[in-house]
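Put chain B on the given structure of chain A with help from the hints.
Chains A and B are the protein sequences, given in the same order.
Note that this note's numbering gives residue 55 to position 55 of the first sequence, counting from 1, and the numbers run on in steps of one.
Note that this note's numbering gives residue 96 to position 96 of the second sequence, counting from 1, and the numbers run on in steps of one.
It should be emphasised that the hints constitute simulated quantities derived from the structure, not laboratory data.
One should not assume that every hint holds.
Straight line, CA to CA, 20 Å or less: simulated SDA-like cross-link-like pairs of lysine to any residue [claimed, not checked]:
1. Lys-192(B) x Glu-132(B)
2. Lys-146(A) x Glu-132(B)
3. Lys-146(A) x Glu-366(B)
4. Lys-178(A) x Ala-140(A)
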Amino acid sequence: MSRRLGFDPRIQLLVVALTTAASILGELRTFPWLIGAVALYLAAQGIFKPTIYFLLAAACLYAIYVWSPPEPSGLWTVGVFFSLLGLRMLPVLMAAVSLGKAPSGQMISALRAVRLPMGVLIALAVGSRFLPILKLEQEAIQTNAKLRGVSAASPRNWLRPLRTFEYTIVPLLMRSLKIADELAASAATKGIDHPGVKTSLYPVALRRRDIVALLVYAGWLAVVWGYGGWL
Amino acid sequence: MKPRVIVDIRNVSFQYQNSREQLKQVSLSVREGECVVVTGPSGSGKTTLTRLVNGLIPHFYEGRLSGTVELDGGNAGDLEFSAIGRLVGSVFQDSRSQFFASIVEEEIAFCGENYGMDARVIRERVDRLAEEGGIAHLLRSEVHKLSSGEKQKVAVASARLTEPALLVMDEPSANLDMPATRQLAELLAALKAGGKTLIIAEHRLYYLLPLADRIVYMRDGEIAAEWTPTELLALSPEALDEYGLRSPVVGPCLPDAVEGRAGEQRMALRQVAIAPGRFRRPVLEEVDFALRAGEVVAIAGPNGTGKTTLAKTICGLIRERSGTIAMGGRPTKAKDRLRKLWFVMQDSDYQLFADSVLKETMLSHEQEEGAPERAERLLQELGLWELRDRHPASLSGGQKQRLVFAVGLMKRPDMLILDEPTSGLDGRNMRRVVKLIRRIADTGVTVLIITHDHELVFGACDRLLFFRNGRLQAEVPVESGHAAEAMRLIETTTA
Chain A
1 MSRRLGFDPR IQLLVVALTT AASILGELRT FPWLIGAVAL YLAAQGIFKP TIYFLLAAAC
61 LYAIYVWSPP EPSGLWTVGV FFSLLGLRML PVLMAAVSLG KAPSGQMISA LRAVRLPMGV
121 LIALAVGSRF LPILKLEQEA IQTNAKLRGV SAASPRNWLR PLRTFEYTIV PLLMRSLKIA
181 DELAASAATK GIDHPGVKTS LYPVALRRRD IVALLVYAGW LAVVWGYGGW L
Chain B
1 MKPRVIVDIR NVSFQYQNSR EQLKQVSLSV REGECVVVTG PSGSGKTTLT RLVNGLIPHF
61 YEGRLSGTVE LDGGNAGDLE FSAIGRLVGS VFQDSRSQFF ASIVEEEIAF CGENYGMDAR
121 VIRERVDRLA EEGGIAHLLR SEVHKLSSGE KQKVAVASAR LTEPALLVMD EPSANLDMPA
181 TRQLAELLAA LKAGGKTLII AEHRLYYLLP LADRIVYMRD GEIAAEWTPT ELLALSPEAL
241 DEYGLRSPVV GPCLPDAVEG RAGEQRMALR QVAIAPGRFR RPVLEEVDFA LRAGEVVAIA
301 GPNGTGKTTL AKTICGLIRE RSGTIAMGGR PTKAKDRLRK LWFVMQDSDY QLFADSVLKE
361 TMLSHEQEEG APERAERLLQ ELGLWELRDR HPASLSGGQK QRLVFAVGLM KRPDMLILDE
421 PTSGLDGRNM RRVVKLIRRI ADTGVTVLII THDHELVFGA CDRLLFFRNG RLQAEVPVES
481 GHAAEAMRLI ETTTA
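Pulled out of the complex, with its shape left as it was, chain B reads as follows:
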C-alpha cells in the first residue's frame, strides 16, 4: 500500500501584494516519508512554494491565492495557523532572523513552550535532540556566537521539538561549508530513515541526491520538470547550464594551467599576526604569502580559522598585530590599504547606503573629474544602467551584488576581496559571478576570495591558500595536476 499523501497542492497560483505572480497553476503531491527537493533559478518561486506548505501563505503573507492546498487531509486555509505549526516544522535560510531566543536550549524549547507542552517533556526532548544533532555541549551557548553549521543544527532541532511529520527547509546549506553540508546531509538521511517527510528548496544538489526521491525543477513560478536523482545525474553539462543548475556532483573540472596570467607582485605579507580586536588573542600568526597583479586567489579553511579577520586586516579595516603588509614593495599602513582595496562582503544589504543605483555608484566620488562617465560605463558593463534610478533595496540579490562590485570598481582598486560571493546563488548566477571575477582579474586587479564553494574555486581561481590551526598550512595551484589536493583542502573538516 502506498503511503498517504501528506501535502496536496492543486492548481495553485499566488501573487504577493504589489508584486508579480510568483506561482502559476502549480500542482504537487508529496507522500508521507518522501524527500522532495525543489530547485530552480533565484526568483522561480521555490521559497513561495515552501511558504504554502508551512502555512505562511495564506496565514502570514497576504496576497491573491487560488487553487487548493491540503495538509494531512485538511484545507490549509481552514486550519488554524498554529495547528499547521504542529504538523510542519520549518527551517529558514538566514540564521539571524529565524532564532527567537538567545540561548540554544531556549531556542530548541521555544516551539514546545508555545504549544503548552509539559516542561519535563520539553526538557527531555531538548536533551535528546541536542544529543542526536551533536550539539549537547552547546545547550547553554549564545545562539549568535555559533558557527553557521552549528546554527543550522540548532534550527533543525528547534523545528523537530514538537515532532512534526513534515519538515520544510529553505536553502538550508546556503551558509554552510562543505563539511557542515555533509553533516546536514547525514542528519536529513537519519530523519528520512525515521519516516519524516522532507521538502527542501535548494540550489546545491550534490548532498541531497543520495536521499532525494525526486527533484522538482521550478522556473518562472511553474514546475517545469521533475527528475529522479538518476535522471538528474544523467543530464549533460549543457543541459545543466540551460536549466541554470549547479553541478550535482562534487569534483574538480579544470582547464590546464594558463601560463603568465598573473603579473608583478601586488602585495606581500611577511610574518603577519592578526587578531579580530585590539584586546583579543591572535587567530593567525606567521602568515607569509604574496599576491600578484591579475591573480585570483582562494582562501579556504574550516569555519572559525580567521579567514574573514585576515581579509579585514588585508583591506585595512583591522590593523595587523605584528609583521609587515607591503604593497608595491613598500610597507603600507592599514588606512592607506583601505584606500587601495575593496571588500565585497557576503551580504550586499550592508554595503548599500544611497537611494538610487547611480547615487550609490557616485557616493564619495562626487568631486572627482570624470566620475559620472566612469560610473555610467561600469553600470553598463554590469548590466545595471537601465536600473540607475531604482532604489538599491529594490534590486534582486544578484543585481545588488553586481552593484557592490560596481561601487568597488569605482575606487579603481588594486585589489578586490570577496567574502563568499556565490553563497546562495543558483548555477546561472554562480557562473555569471565566475565570469565577472575573471574579467576583473584580466584588467590587472588582484582578486582574493574567501570561499567554500568548489565550483567557484575551480571555475575562477589560480591558487588556493589553506589556513588551519592559526597558520597558513598550504598553497596549492588550482590546475589539473593539483585538483585532487585542492578538493581535499576545501573539504577539510577540523579546525
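Only chain A is shown next, with the shape it has when bound in the complex:
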C-alpha cells in the first residue's frame, strides 16, 4: 500500500475545530452542505472507502429524520433522537478520520510548531492511533459475542438491550484499558516524552494546497452559515 499524502496536520486540526463549531452551532438543514464539503475534503486526500460509508450513514440518518412523523412517539422518538445526534456528530467524525490518518511523527512535529503543550500533543497522537486499534478490538469481541449468543447484531438480543449493551461495551472497555496502558508504555520507551525538538520522516511545511484547502473550507462554511436558509 502506498502512503497517502494528506494535508498538514495543523490544517487538519483547524478543520476539525471549524467542523465541530459548525456542527454545534449550525442548523440541521445546512448539514448536507457541511457533510458534502467534508466528504470532498476527505476525497481530496485519497480517503475514499470511509467517505462512502460516512455518506451512506448520513443518508440513512437523514431518511429517519425526514420520514419521522411530526410528533414522534415510541420507537420513532428513539430513532429521531439518534438520527439528530448522529447527524451532529458525523461531520466531526469525518474530519477526525483524516487527522487520524496523519503520520504520528508528522503530527507531533507539526503541532509542536504551533506551541501546543506536549501533554495535549501526546493525547492527540495516542488518540488518533487508538481508534483503528479499537475498531479491530470491537470486531474480535463481536465475533466472540456471536459465538456466545450475546451479539448486538442478533435481533433476539435487541429485546434485552441493557444486557446486550453491557456485553458489547464492558469487554471493549477492559481491552481498551489494557491496550492504552501497554501502548503508552511502548511509546514511553521510544522517547515520546523526550523534551527536545521532534523531527519527522516526512517534510513538515505548510504548502500552498494546505492554505487553499483551509481557505476554501472556511469560506464555504461562511457561505453556508450566511445563506444556509435558501441554499
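Just chain B now, kept in the frame of chain A:
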C-alpha cells in the same frame, strides 16, 4: 579484559501498587555483548525484570522499589526516562499494543523522530534496518495487516533505530510459528555478533540456546538458578518438568500409536471452499477430510494459509462458499454448527463477558434445567470453583483459558476448536493444557487445534492436517512411525 558491566541490578525488590511482591532481592549483572535469557513459570517476575532494565520501572509503573539498578554506570532512578530510551531498545510481546504508527516505515522511524534525529539520518537508517530485517518490501504497508513474524521484525527494527547498546525483549516468539521463530533467532544472532547486549525473557528456549551465554531461571520473584546452554541441555526431562520449563530441543517425543482411541465419524467436509468474507476470494478450496468422535486433530500450515478462516467456517461463524459440511452424516448449516461447536480463541480476554466466573459459566444457560449443578461440576474439575465470585478480568492467563474451556463445555459441544491454545504458556501450563485436551477428548468430544507448537502436537494430537497453497496437502498420523514427517510439516516455511 572483560567487557564492562552494562546492567547492574543489586538486591532489587519491587511491588506494584495493589499487588504482591513481584521481585525479591534480585541481583543480576550483564556485561556488554552478552545474551542473557530469562526464563521461568508465568508470574515468576520475568516481565517485571525487563521493566527494570528498560526504565519502565520506576519511571512508568509505580510501586515500592528497593535496591539499585545501574544502566551503563548511571542510576536508573536518576536518569531521565527518555535518556534510558537511547540506551535500551524494547520489544514487547503483544504486537497490537506496541505499535504507535500505522505504516511500517513510520513505526521504524518513530523513535528517531522523538529524539529529534535528522530526517535524512532517519530515512537512511529506516532503509538499512528494513533491508537487514528482510522487510524492505513492506515499508509502505499497514502494520496491522502484517503476519506475526513480519510484525516482530518491524518491532525489532523500530527498537534498533537509535542504535541502542542494549535490547530487551519480552517473549518475542510468543505469537510466532517455527519458521518465523528461526528467522528471529538468525536476526538475534546477527545483533549479538554486532556487539549488542541482549536480555530476552522467554518460555521457548530451543531457538535461543545457540546464542545465549546464560539462562537465568526465575521462580516466585527470585533468581532460583542459572545455567549455561550446555548445563540446560543436560537437565533430565524430570528436572525440566520440575522447573516447569519447555523442552530446550525441538524433536518429537511420542508414544506408540494407540488403537481405537477415536469413535464414529463426527464431521465430514466434502469439496469445501472457504473465504474470509462474502466478497473475498476463497483461501482454501476442495477441502476434504473427516473427523471422528474423541479424536484430537492438529491443523498446521504457514501463516496466512487460511487456518483460522477454516476453523471459523467449521464452527459456523462464516458460511462455506461451496461444498458440504456434514455432522452425523447430514449436511449441517452454519447456524446449526454454531450451536454444536465451541471455538476457544487465542486471546481469552475477548471471550469473557460477565462480571464473575460463575455468571460467565452460566451465561446463556440461565433457563436450562440442571445448569447450575453442571457449572459447579465443571468449575471444580477445572480448579476454578474457589474463584467463582472473582471477576474474569482479574484471573491469570491460564485461569482465563480454563474458564473459556468451561464456558465451551457448558454447551456440551460435539466438537471443540482451539486456536493456538499454548502460545505464550510456560512448560507446566503447556503440559496442563495437553492433559486437559486429552481428558476432554476421552469423553468423546472431537478436538481440532490450530497450532505451531510441536510440543502440543506431539503431546496431544492423533493426526495432523497440513494446509498450503489453498489446499489440504497432507494428512499424517501423529505416531512414532510418522514423527519425522509431522515435524517437517510443522516446520514448513513457505506459503
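Exercise. Does Glu-132(B) lie within 20 Å of Lys-192(B) when you go C-alpha to C-alpha?
Worked result: holds (14 Å)
Exercise. Lys-178(A) and Ala-140(A): Cα distance at most 20 Å?
Worked result: holds (15 Å)
Exercise. Taking only the CA atoms, is the gap from Lys-146(A) to Glu-132(B) under or equal to 20 Å?
Worked result: violated (43 Å)
Problem set entry | Proposed proximity, Glu-366(B) with Lys-146(A) (alpha carbon, max 20 Å) | holds (17 Å)
Consistency with the previously given hints fails for number 2 only.
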